[in-house]
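Participant: Going down the list, the protein sequences come from chains A and B.
Note that the working numbering has the first sequence beginning at 1, numbered continuously upward.
Note that the working numbering has the second sequence beginning at 1001, numbered continuously upward.
Hints should not be assumed to be uniformly reliable.
Claimed, not checked - The list that follows gives simulated cross-link-like pairs (lysine-lysine, DSSO-like), each with its CA atoms no further than 30 Å apart:
no. : chain 1 : residue 1 : chain 2 : residue 2
1   : A       : Lys459    : A       : Lys343
2   : A       : Lys236    : A       : Lys250
3   : A       : Lys343    : A       : Lys236
4   : B       : Lys1066   : A       : Lys399
5   : B       : Lys1379   : B       : Lys1157
6   : B       : Lys1066   : B       : Lys1157
7   : B       : Lys1421   : A       : Lys399
8   : A       : Lys459    : A       : Lys337
9   : B       : Lys1082   : A       : Lys459
Bear in mind the hints are in silico, worked out from the structure with no lab data behind them.
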Amino acid sequence: MLYSRATVNGCGDTRLQHWSGTAAHDGGTRKGQMTNNVTQIATLGLPTLVVSDASAQLESALSSSETAFRVTALSSYAEANAQISASRFASVIVDLRGSKNEFALLLPRLGNLSPKPHVTVLASAQMADTVRAMPSVDQVLEGIFDTAALARAAVPATPLEELPEPETPGITGPQTPELENPDTSGPVQVLMFPRAFSSDFMPEDVSVVAMGTVRPEVIVLTEEGVARKLSMSLPKAVVKATPIIDLTGKNRDIADYTTTLKGAAGLEEAMHHIRPLVDRMRDLPDAIFMTEREEDILLARLVIRNSGIDPILRPDIQSTVFVRENLLFEDFEGVAKRLVDRKLLKAEVFMKTNCCPACDSARLLVREECRACRSTNINEVAIIHHFRCGTQAPETDFKADNGVLECPKCMNRLDAFSVDYDRPGSMMICGDCGNETGEAAIGMQCLDCGVHNDAAQMKPVTHYKYTLADTAMRTLTSAFVDSPTQARPQTDVGAVLRNFCREMDVARADFTVLLLKLDPNGDLRREHGERGVRGTTHLVERNLRETLMWDTKIVHWAGGLIALLPNAASSDVDAELPGIIAEARRNIALNFDPQISVLDGAKVRNMVRQNV
Amino acid sequence: MFSVFSEFWGWVFDYFQSITWPHLLMMAFLTFSLELPRYTLGFIIALIAKPWRDFDTDRSVHDLGKFSVIIAGHNEEDAIEKCVRSLDNQTVSGFEIICVDDGSSDRTFEIMTRLEREGLIHRAVRLELRGGKASALNMATRLATGDVFIILDADSKLEVDAVEKVLLPLFDPGIHCVSGTVLCGNPEAGWVAKCQAIEYAIGIPLGRTLQGMLDQLVMVSGAFGAFKREAWEAVGGMDVGPGEDFDLCMRIRRAGYGIGFIHSSICYTDVPDVSWNLIRQRFRWERDAIWVRFRKLKTGLNPFSPMFRVSELPHTIEFIILTIIPTFAFPLYFLWMLGVMQFEMIFGVLAMLSLYLMFNDFLGLLMSAWLLKRWDILKLLPWVPINSLFVGYVLRMARLYTFLDEWIFSRSMQDDFAPFKVQNWRVDSTPGKFKQR
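Next comes chain A alone, as it looks inside the complex (with noise of 0.2 Å):
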């Protein structure tokens, strides 16, 4: 297996470092294919692990279902601070957003994928060296690849003085994974993005705040064309659910309120329309905020405005019907279906169109054509029925030279309508090939790709319009208020276990883990959904703390608990703990059956090195 080091092809961008796992890889056409979506995430300097198959032949299999299994094995192990986007090319990207522990979590598990992928490592300059010292890396390393020819292959990183600077330097910086929460009683928090505008004066009650520090309640872009900047800067939901204010008046597509006053002009007259959107935004909990979930985001987005999301025509877009939360959301039908299953939106008909087949445009030419060459030189002639002999023929059959309206049968005058003959119906003449036939043919052009298809082909797409159900914010909040763990990040289980060994080595003291998973079977899930779930295990970990000692550290993983009980003998733990859950049972509404591990000192030490 070799190892080496390069730039990415296609990047054009010498600041990232790419070590590459290539075994036998024909790297040329993957990258080719990899390279939009690299190209997305490079821009931005953030470290970023770059995975997909090496073995050649499974290319066009994992292209669709295979790629979605990846996707869905590394959501599992990826932690929340991990972006995760799948390409259409089986490969899957990983934005670690320069998160060490997700990075040593994530390693490893790809490394047990079968075929094992194809890894490379992509960071910044400025995070070259950070990522190559970081000692998980090479262990997890050592387990998959040569390390060995790792090393030769190494060398240090391009110096940052080197580099020009970055464009947007708010933006490509380190990232703020958690956002301190905004004093809700003080000014409203306003972010300039990208940049805030030079003025001696601000509206009254706005306080600007810098990226990365206070969560925004006001999002103001002074610059056209962000979107793309702002979803990568901040946690997504913070972008989805904020009000944002234009001021550009080229953002209006993402902006809830969009002026062309410039300065603080500009601002304190958004912020006048803005203002009922912030205050119904400080009625939700903070948590919501930094939660991953899009149907959450959606709701917390959709509570805030107060409204539910009303389609507009717009003929400058190809599929005519704007959505604004499209834009927002990868999967916005998706997400808003799941709302809709909940009863948390109604769904109704908005529209059906019709798309073309070849490019989804909604934009068609509608035009009538003859069946027969499709042109669209076609007369529409009457049909004359003379009652007289039976007679039923085009118009121009009955025309005589004179102008009358003579039978080609009997050769009698048609004089009066009614009487001696009616016109019982109309018929299509083309022009061109001659062709009759009843009725024209009903073709459609598409005006972005030119295709030209008959009507019975467009693909049919309906449109939906939502309203919020009278139930949403009391089914936000209450989701929030009881949980505050929800939106925490997901525990890196190595690494607090590793540091627990550390801490406990250097005291020299013998400790026991208690491992509890509360619905190991799904059923409380089932019954009461995840809310319950988490409700439960926040109960749970109250009455954990206030039973055991004051010592005790109590974190959230996965599937449940964590207890790290210093100076504890397993087998005291082993004793006290039917008590302790029947406490918690006693205390909580919710049947539940936890399955719960007590690991001593030494399996726990032998778990950390192995690396389990």
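Once you've looked at the hints, dock chain B against the given chain A.
Facilitator: Chain B alone, transformed into the frame defined by chain A:
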């Protein structure tokens, strides 16, 4: 029960004991007046004299030129699709299908346009106002580009080789129109339909084979038949109906074109399944026969008219002798019997004649099954007695009523089978030169 039968046969025996020559003559007349077994006997004679023509040829029907299937229908949403799809799996292909919706108020045209989109129909035209079947077919033939038209009712279904076979007789240069065999498509619909199934199975294959052999065929059913464009256009297509199919054939014959029949080209059509509907249908048919022969085309009966044709005399005389006279003679004879015979004797005579009718139909059905090589027709044998009585007495009375009604009141002028707007125009349209397209 046994005593009743023995008493009955006693009467019959006594009757035959008392038969005299005058009685035998009366019997003969009665037989003649009731139903001369013209199809059965005629077919036997034809079989002995000359086998029927099966028009076998090695030539492809495409040598005849292009052919177009013409379908006109009014409110045929239940049937039109089946009819068109039965055309899709024929042994010949490459023909065009023209459909005309004659002012339907149901989904007929919607189905036609769908079939047109599917490529099963080549042209579909909708007439918002109903003009009658004749004008709808004229419209369809105007759109057709074929050299041969195959006329088909929308409620007809064809056997897979029907289109190919109905075209074969057209290789004979003397034949310009061809009638195929029309059989009942819904015999399961009840006893009325079964009776008609027997009637169609005997009358059409046997009767038309005989008529065709004698060159006296005057009918190509509107349900299924083929016409050369030349003959169709020479007479200007169909005139105002009803009875337009019979009228067209009569005019085609008068214009000097021949009509042929092929028994092996089989089409199934739905028949009335309620007795009153059947009787109304027969009222219409009988009226039309009288109206076309003796009113509309009466000039053809005048030996001094230029329209007179000697070749048209035999079938006219046959119609008078075998249809009109027996229809009027039977009730008169029955009344005479009431006056001179005792009730028991009348009953015995009618019973004997009924048995004779049944035997006649039984034999006809057997011969039809043999001719068509369709032995499933014999499933209808148990229904022969009912058919014989129904056709022999009930429909005969209906015919008598219709003839009187038509002769006295010209009731055909009020027939609602054609729309009101065309009813007053049922005249002999003198064909002009059909304008060239």
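Participant: Holds or violated: B/Lys1066 and A/Lys399, Cα atoms, limit 30 Å.
Facilitator: Holds, because 28 Å separates the two Cα atoms, which is no more than 30 Å.
Participant: Holds or violated: A/Lys343 and A/Lys236, Cα atoms, limit 30 Å.
Facilitator: 24 Å, holds
Participant: Check the hint pairing B/Lys1379 with B/Lys1157 against an upper bound of 30 Å on the C-alpha distance.
Facilitator: 20 Å, holds
Participant: For B/Lys1082 and A/Lys459, compute the direct alpha-carbon distance and say whether it is at most 30 Å.
Facilitator: Roughly 29 Å separates the two Cα atoms, so the pair holds.
Participant: Are the Cα atoms of A/Lys459 and A/Lys343 separated by 30 Å or less?
Facilitator: 29 Å, holds
Participant: Given the hint that A/Lys236 pairs with A/Lys250, does the C-alpha gap stay at or below 30 Å?
Facilitator: Answer holds: A/Lys236 to A/Lys250 is near 22 Å, not above 30 Å.
Participant: For the pair supplied as a hint, B/Lys1066 and B/Lys1157, confirm whether the alpha-carbon distance does not exceed 30 Å.
Facilitator: 22 Å, holds
Participant: Do the alpha carbons of A/Lys459 and A/Lys337 lie within 30 Å of each other, as the hint requires?
Facilitator: 21 Å, holds
Participant: Are B/Lys1421 and A/Lys399 close enough, with their CA atoms no more than 30 Å apart?
Facilitator: At roughly 22 Å apart (the allowed maximum being 30 Å), A/Lys399 and B/Lys1421 satisfy the hint.
Violated hints are absent here; each numbered hint is respected by the structure.
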